[in-house]
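Chains as they are written, first to last, in the numbering used here: chain A, 218 to 548; chain B, 80 to 171.
Hints are computed from structural coordinates only; laboratory data are not their basis. The structure presented is a predicted model; accordingly, all values stated were derived computationally and were not measured. Fair warning: there could be bad hints in the mix.
Take a look, some chain A residues computed to stay more than 12 Å from chain B by CB distance [what the hints assert, rightly or not]:
hint, residue
1, Glu242
2, Asn277
3, Gln342
4, Gln416
5, Ile425
6, Lys458
7, Asp472
8, Asp506
9, Ala515
10, Leu517
11, Arg524
12, Arg528
Quick list of simulated restraints, FRET-style, between CB atoms [said to hold, decoys possible]:
hint, chain 1, residue 1, chain 2, residue 2, range
13, B, Gln111, A, Pro273, 49 to 55 Å
14, B, Gly117, A, Gln539, 25 to 31 Å
15, B, Ala105, A, Arg231, 39 to 45 Å
From the three backbone atoms N, C-alpha and C, an ideal C-beta is built for every residue, glycine too.
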Amino acid sequence: MTELRVGHTDRFGRFLNPSIPIDNENVVITGRSLVNDRAICPNPEFPEVQAQQRVPPGANVRTFRTSLNTLGDGFVEAIPSSTLLRLAAEQCRRTNGVICGQPVLVPVLEAGGRLRIGRFGWKAQHASLLSFSADAYLNEMGITSELLPEAITTLCDTVADPEDQPEDGIRGIERFARFMRASKAPPRDDFLARSLDAQIGSDLFNRIGCDTCHVPTLVTAPAGSIINAGAFTVPPALGDKIIHPYSDFLLHNLDTGDGIVQNGGQNTANKLRTPPLWGVRTRIRLLHDGSALTLNEAILRHGGEVRLMIRNYRGLTDRERQQILTFLRSL
Amino acid sequence: MAALAIAVSWHVVEGQSFDSRGDVIAQSSGAQTGAPTGFDDQPNGLVEPSIREEDRADFDEVELIPDGLGHIYNAQSRRSATRTPPPVPSVR
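So that you can see chain A by itself, here it is in the shape it has in the complex (with noise of 0.2 Å):
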């Protein structure tokens, strides 16, 4: 799925969310970037009103964001927000400040809104997975529940907030976010990882500094740790896993970025968090937007932070090239 993001930026450069009229400007929704592309009315029972969003004029940043692997991420979850703030040190000392993800804090909705290290979305603008479900239920459906109980607007909405109940003793939100706890990882394409253009192009990829940010290898908290601020306790099935995610779920200017601001701040707005490439190959659109179409597109698109490491990837033969989008065709 692709969602579209909106909004504008003031006369100091600073992201705002659009206001966006529906139903004739009878109702105005703010606070958000995301503009759905479907409503429920007109329909029969409400044939007058008119309740699909456009995008308003005047709205000079616009992106498309397409949705996420989700498979794996109860491991990504039970990684320490420790490991993510290490990882941003180390690389920002070892590349003399060039390189430098950022960490961003997050509220935990289940938590009461504490808050801890974001590392889902490509903002990671959620650090636990029952929030990242219940804003899915919301935004994504329009389905309001005990974590976001109120509706973008009432336009046309006949059933009672919150409208996510308890079914056999479980609500939807936490039927979600114990699915995707409960998924393995993405496995290799053992037959092609065994290849030996694959292993050179595994090693290449690390050399040319790849893996500064596309990290090969996590481990997730032990155990009986307590985590998203005190709401979940990682169970054994997730505890002390070692994980090969390939990312380092931190946000990073790549000159890709798509202006929206989040949860991040403003100097996020040209950031993207690192997409996991485990399982790249199941997706034939990259980026964010889905706008590159091939491995070696997508790569040469990566600038900003990370220029040198694509100069080092210029800078390899055609054979070595293939055998990094080799190595990446095994993912």
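On the provided structure of chain A, position chain B as indicated by the hints.
Below, chain B without anything else, positioned relative to chain A:
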């Protein structure tokens, strides 16, 4: 340095101490193992397969207006909201 901009402080919530990064890390038993991987839609050990099936059915369920859908929305199910292209195995 961005990483250092987040100062660590401590606070107490419900009798437990948390640093400002949101975690309290337990002592490791030292036995780290590889996380289970697979596109087989089987659980990773967190839940039993029967629970996984129930959760997957909910993941696939299409929401309608009486379920609370909208008033504005992008997707009618969790599956469609998070959909990515299916895996394509390499030629053997």
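The hints, checked one at a time:
| no. | hint | in the structure |
| --- | --- | --- |
| 1 | Glu242 | holds (16 Å) |
| 2 | Asn277 | holds (22 Å) |
| 3 | Gln342 | holds (14 Å) |
| 4 | Gln416 | holds (15 Å) |
| 5 | Ile425 | holds (23 Å) |
| 6 | Lys458 | violated (4 Å) |
| 7 | Asp472 | holds (17 Å) |
| 8 | Asp506 | holds (15 Å) |
| 9 | Ala515 | holds (15 Å) |
| 10 | Leu517 | holds (22 Å) |
| 11 | Arg524 | holds (18 Å) |
| 12 | Arg528 | holds (23 Å) |
| 13 | B:Gln111 with A:Pro273: 49 to 55 Å | holds (51 Å) |
| 14 | B:Gly117 with A:Gln539: 25 to 31 Å | holds (28 Å) |
| 15 | B:Ala105 with A:Arg231: 39 to 45 Å | holds (42 Å) |
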